[in-house]
Structure formats: structure tokens, C-alpha cells
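A.B. asks: The primary structure of each chain is shown beneath.
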Amino acid sequence: MTRDDDARLDALLQGLPPGPSVSFTDDVMRRVRVAPRPAAAPAPAWAEPALPWWTRALLQPATIGAFVIAALFAVWSDELLRGSLQLSGALASGITAAAAEMPSWSGLLLAINGGSLLLALLAVQGARIFLNSPVGHRAQR
Amino acid sequence: MTTIAWTFALAAPVSDASPTTESRAADDERARIQAARSGDERAFRVLVDRYRDRIFGLALRMAGSREAAEEIAQDAFVRAWQALPGFRGESRFSTWLYRIAFRRALDERVALGRRRGRETAMEPAALEQADTRGARTPDWGTRLRLERAIGELPEAQRACITLFYAGDQSIEEIARVLDAPTGTVKTHLHRARAALRERLEAGHDS
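In order, the protein sequences belong to chains Z and S.
Heads up, the first sequence is in our numbering, so the first residue is 656 and it goes up one at a time.
Heads up, the second sequence is in our numbering, so the first residue is 25 and it goes up one at a time.
It should be emphasised that the hints constitute simulated quantities derived from the structure, not laboratory data.
Mixed in with the good hints there might be a few duds.
Covered stretches of chain S (chain Z as the covering partner; in silico rule of three or more C-beta atoms under 8 Å from a C-beta of chain Z) [to be verified]:
| hint | segment |
| --- | --- |
| 1 | 68 to 79 |
| 2 | 94 to 101 |
| 3 | 167 to 181 |
| 4 | 217 to 224 |
A quick note: this is a predicted structure, and the numbers were derived from the prediction, not measured.
Ideal placement from N, C-alpha and C gives every residue a C-beta, glycine not left out.
Using the sequences provided together with the hints, build the complete structure.
C.D. replies: Structure below.
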């Protein structure tokens, strides 16, 4: 059998046999109405409130924080720019002064720590993007 | 400032609020299951409509007759309604439903086997009746031959083929439905495909 035949067999197998009677759902619900049932257990963790996706995105702390910062920049852009330049300058001179008193290998240590933190953040973000993608959803099945 | 903005962008959680169609459908189903757990019959009715064809399809291939398949499928949904308060979401809802239907079909087979003294094979009449959706498709003849061939397979292979192809279940999920190791499921699938290929080829040649 050729590969085409295999593909055709796969396609045929995807189909279902003929469906149930037209009244199937009504018959089921009629029986459900009279069926005895134990009381519902407490809702499991996965049963979250059904908020729309955009509401949940807006309620994320980082989203709120980003909006706050954007608003601050929109209203006080000049003052914030001047202030951040002054702060950067002060930090830079402070770091320079501190670095002058530190051993030579400390710069490398700081770079490694900073780079590791950045890599960790990138890895977490990448994992989240993957898990929320269609491929990620399938992988989690 | 750029650094601050980048840090925020990197730290911001990517949505578990992803707007993909699949995640919206999954959210919708979770909401309906939760409502049905609390006793909402309308929510359960939507779930019945969504899964009726697939559950009936499995039942038909297991039982071999439409009457028995209707009974099995209806029983499966009623049992699911009764057991829904205990559904913990450890598997997909479809997998859990298939497991109930499969167990019900096995019970029916045991009872039928006692009456008939042999394993149930698919009755051709169950296939040749026009389905409720109406006109026959151009490959209807091939489909009929395929269903006959599936009906001649051992029960476990029939279940695996149905769950894998028409039921969209993974190997691990089928193993959970059948309560069998994944290696056994793979063997069933492999043998079923080989047998079906052989029977369809024989059908072409004759």
C-alpha cells in the first residue's frame, strides 16, 4: 500500500459512523431530570470565574503598573526625564566611586549576575508564550 | 527609561488570557462544566450536544447495533451527569466521558455475550441505515466497507481506532480510557491499521 493509500485510510478513519437519533439529546435530558445526584463537591482549582480574556489581562499587576508608568510619562514627561537623568548621573558617579574601591574581578561578577537575571526573565517569558500558544496547549494534553 | 520599560515588558506575565480560539473554547467548556456541576441542566445539554456524535460513534462500534448504542450512549451521559460533581479536571472532559462510555459498553458486551455466547460484531444494518444528516457522500461505499472491516476487529482495537482518529484522543488518553498501558494501546493501533489496510486492499482487488 502506498503512502497515499495510508493517508486516505487515515482520512477515512477520521470520520464517524452515522450519528444517533434526532431525539437523542431530549431523551438524555429527560432521564437526567429524574436521575438522583450527589451534592456538588467544592469547585476545583481549575474552575476559575469565567472573566473575558481581556479583563484578566487588564487586571494583571504588571499591566496596571505599565499603565501607571505610561500615564506618569504622559503627564510629567519633561520633569521625569530631567529627574531620571539626574538620578542616572548620581547613580553613575556613585557606581564609579564604589567601583574604584572594589577589586577588579567584581565587575565581572556583577555582569554575570545581571546577565543571569536577564536570561532567567527571558526564559520565563519564552515559556509563558509557548505554553499559551496552540502548540503549547497541544503539548500540555 | 528604556531599561525600565524593557524590565516591565519582560516581567509582564503573558496572558493566561491568550485570545486564541482554542483557549476561548476551553474557557467556555470549563464554564459549562462548572455550571453543570452545580446542577445547571441547560449547560449540561450543551455538553451532550457537543459530544453526542462521538460518544454514540464509540458505542456503535463497540456494541454493533444502533439500539444498543443509543442505550449505551444515553446511559453514559446520565452517569456522567451523576458523577460530574466528582470530576476533578485531572483529564480532559472528553477523555473522562469516553471512559464512562467505554465502561458502559463493556458492561453491555458482557451482558450481550452471555446471551449470544460470542463477542459482538458490527451488524451491517447499523451502517446501511441512512444517518440522520441525510444524503450519502460520494465515498459512502468505501466508508461502508471500512465500517464492516472495523466491525470485524477485536473490541480493544475497535475502541483504540475510534478514540484515536474520530475521538481526537492521544495515546496516553486512550490508555486512561481503556485502563491499559500506552504500549498496549500502540500495539492495538498498529495491528488495527494493518488489518484495515489488508481488508480494504482485499476489497479493492475483489
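A.B. asks: So, for every hint listed, does it hold in this structure?
C.D. replies: Verification of the supplied hints:
1. 68 to 79: n = 7 at 8 Å, threshold three: holds.
2. 94 to 101: The restraint on the segment 94 to 101 of chain S holds, since 4 of its residues have a Cβ under 8 Å from chain Z and three suffice.
3. 167 to 181: Holds, because 3 residues of the segment 167 to 181 of chain S bring their Cβ atoms closer than 8 Å to Cβ atoms of chain Z.
4. 217 to 224: holds (count 4)
Hint check: no violations occur; every hint is consistent with the structure.
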